[in-house]
Amino acid sequence: MLISWDWLKTFAPLVCTPDELAVRLMMAGLNHEGTTAVGDDWAIDLEITSNRPDCLGHIGVAREAAVLFGLPLNIPPAAVKVTGSAVGSITKVTVHCPELCPRYTARVIRGVKVGPSPAWLTKRLATIGVASINNIVDITNYVLMESSQPLHAFDLAKLAGPEIIVRAATQGEKLVAINHHTYELDAAMCAIADARVPVALGGVMGGAVTEVSSATRDLLIEAAEFSPMSIRSTARKLNLHSDSSYRFERGVDPAGVDWASRRCCELILELAGGELAEGVIDSAAASEPLQPVTLRFAQLKRILGIDVDSDAARRILTALGCGEQSADRDNVIVVPPTWRRDLTREIDLVEEVARINGYDKIPEDVPVAMTASTRSPHDRVAEKVRRVLTAAGFNEALTPSVVTEDFSAPFSPWTDNPPLRCSVPVLRRADLLRRSLVPSLLESRRTNEALGNERIELFETARVYLPQGEALPREDLMLCVASGRSFVDVKGALEAVVASVHAAAEVASEDYEHPLFAAAACRLLLDGEPWGFLGELSKEGLTQFDLRENATVAEVRFGRLLEIARLVPKYAVVPAYPAIDRDLNFVVAESVRWSQLAATVRSAAGEHLERIEYRETYRNAKDPQLGKERKSLLLALRLRSHRGTLTGEEADAIREQIVAACQKQHAAELRA
Amino acid sequence: MGLAEFTAELEAMRSAAATAFASAADVEALEAARVDFLGAKAGRLRAAQKGLGAVAKQDKPLAGKHFNEAKQAIEASFAAAQQRLASNGSAKRTGPAFDPTVPGTPLVLGHLHPITQTIDELTDIMGRLGFAVADGPEIEDEWHNFEALNIPLSHPARDPLENFYLSTAKAADPAGGKLKQAATSEPTLLLRSQTSTVQIRVMEKTPPPVRIIALGRVYRPDTADATHYPMFHQIEGLLIDRHVTMADLKTVLRLFASSYLGSDVRIRFRPSFFPFTEPSVEVDMSWNDGWLEFGGAGMVDPNVLRSVGYDPDEVSGFAFGLGVERLCMRRHAIDDIREFYKNDVRFLEQF
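Those protein sequence lines, which keep their order, are chains A and B. The first sequence begins at 295 in the working numbering and counts up by one. The second sequence begins at 23 in the working numbering and counts up by one.
Check the hints yourself; a few may be wrong.
Dumping the calculated DSS-like pairs for lysine-lysine here, alpha-carbon to alpha-carbon at most 27 Å [as the list claims (entries may be wrong)]:
no., chain 1, residue 1, chain 2, residue 2
1, A, Lys-833, B, Lys-364
2, A, Lys-678, B, Lys-364
3, B, Lys-364, A, Lys-785
Hint data in this document are derived by calculation from the structure and do not stem from the laboratory.
So here's chain A without its partners, still in its complex pose:
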């Protein structure tokens, strides 16, 4: 809202500078956006919050200034001289839709002389960026910017018949507005019509046909109240926003409607001549009086934390326009002014007293009670996960929660339900809430490839949105990794993540086939429960995401890590006796898996097996012992007793047990 400094001073005898005023207003709730010189005037730009439509005019702002500086407020009486016949004999108003237009008033002035506005008027409008059209239109704009009540002047002669009909528009009805665009109306919009067609879009914009021109002689002055919700939806639907719609959306002062109408007529008679018809047509009875509100003085201290003198509080409320009904030592009962429909509760009065009294009086060094707070297990596990992955060279990414259809469909391992869809896309074309982080991280990989980046190692912890038929979807936190490294490299990183939250937890792998993945892929289990998926991308997968380089992705449930986490590990006695290492190189059929062989080794080795380490798999079709059907698995054992030093003979005996068991269960033979 732009305010003219010169204009503002006509309502309150300000002696400060425009800058001092701006600071005071800002500290009382009208945020200062800037001040610019316009000629010898200043345009002060104020941000008006949606609860203060009364400050969308100079008088409202002047009232705030007057209260802050303790000055009187001078509002023009808007007394008009009536010389014409009764307005009812000239025109008539019928309101068919009080729900859209609770109040409509009309006055008539005949015999005006349309022409240019005087310099003082165009200058004030120019300061606040309003172009001058002609004296009549300028006056309606002037009174709007003065009082915040929108007005409209019709050329009475252009109306088809003298009657104004306020009704819901019929579907498809058209109106050419004064901006010369044609709008198609619908039944939720309020039309101001003559006997035949809409002549204005109520509360939003007038029509071109009945607009005031240089030939206009007789005027109908509209001052009305329109339903905020209907104005908002009309302006939105038509993408037609005006100074008028902006104010009606926020609500106007019901008691200010008639004042604005009189003020408008007063200025027209003064600047354009003419004869004002006697009386006003007013469609509605006086609006309901505002309910009184009680302020318990003790609430000021209770909410603000400071003592505010009860007399000072009463003075502030009165200065703001509240009517005091009664007051005693503990309470005051006031009726808020009609322009402050935001004041309906005690807390509203507390805020008024607080902001005028000044928030700078509230201390910032009171003792606040101490409370213990504990970091949640979630945060502690998340920190460990992030620490391991950054140590392993992965950068943390954050990707949007929504994806496009192309990115939603390829991978949804957690649900078969269709994804939730936003009614409008959040980002370009992306309107589906993701069911997996994998497509998002692959897209980030592609972005990085396109930028020519070489080492693209990313991870993210974020939610996926899994519709489950009930009210709210499940929001599961996932940990996703997308890497240029191999299956075993990423698997190793995940195993390190697990070890960081629980050293003894076990990661197991099961077969998993998916078109996105190559043969190197698996389903992961963590301590026997489903954990997630890991795989190298197939050729098709790479093509689908437009990737040039090989990629490995994994997505696992963060929640499972939380379930198995041992955040406070217990000390295990460090062994006192030396260990003995033994290597074994088995030749087995291709069908024998590491996990099977390792399980046999473990059970055959017994209690002295401290560690079994996978070393390598060797294949060579030309090797006579291996051929095409067999491979060798090299493993290293560490044996140790907790009761004494293990001898070489004991170690060899264990080794023999292992060899025998593997021979028996897997037809494994030692590599020659």
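Keeping the supplied structure of chain A fixed, place chain B upon it in accordance with the hints.
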């Protein structure tokens, strides 16, 4: 031979030996010098020892003492020279020259996203002030996102254009015939537009006192540009108890801001308007002789307290909220919010 003469001879020898040993460039030169001074048969020290016999008897004890001192000094300077040659001589002798300026083996570390780092810092500070982290869903119903937060249906914040509502049409609903009934009984869902929803969820389940922070992703329709993104992060604090005042709010925010900026800052309140707080304020913190916008705050509106079953005459409280991206951008001088979600590794690796 007089004592003085003998002592002068020793002194000259000692200094000559020190020079010879110190200037020996290699082991061979040092060995030659050793033989010259310390040689068992014809060394100069040996010769001097013989000279001891020619000293007058009464001077002998003192001359012997001087001799021993000189001998020790010469042996010490030889040992020092030997050590000197041993320590730097080996590299010279074997293999190519060592270049200590070659870089170390690279250790490639990953980086946490700057938003995560900012959130960690903020939650850490609030944790020290006694605020525990609370969590809630990102997909919300209208009760938690609006109604309970004192945002009635008529409020502009509920406009479909101001929010990401979810489509209700369930084309693929296998329930088929029950579709119509299901559609009407199902609540309208939307992506939360603020983390205040978490306040409601916590207060609904917890009797006062409550001292929490909520943080996470929120969504508002904005065209993505350098300063706007339709998804961003908020951090929000809530304290409800008996006798909580705006002075408590100001104090907590001052401690928070001082911890974050690492120096003692002051807090300024400017009146503002939010549906879920009253009084509502914009919070500024003093910074470089000016004021920096920090976020929004206020005393929890009595309607919000009532909506979760609290009695506004029994308890009061405050809430405040901050945009994480904005703080993070200012801290690291990032000028385009879209960088956060592009995940260019050259961006991520800077933090």
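Status of each hint after checking the structure:
In summary, the hint linking Lys-833/A to Lys-364/B is supported, as the alpha carbons are separated by about 25 Å, within the 27 Å threshold. Distance restraint check for Lys-678/A and Lys-364/B: the Cα-Cα separation of roughly 25 Å lies within the 27 Å cut-off, and the hinted pair is therefore satisfied. Taken as a hint, the Lys-364/B and Lys-785/A pair is honoured in the structure, with Cα atoms around 26 Å apart against an allowance of 27 Å.
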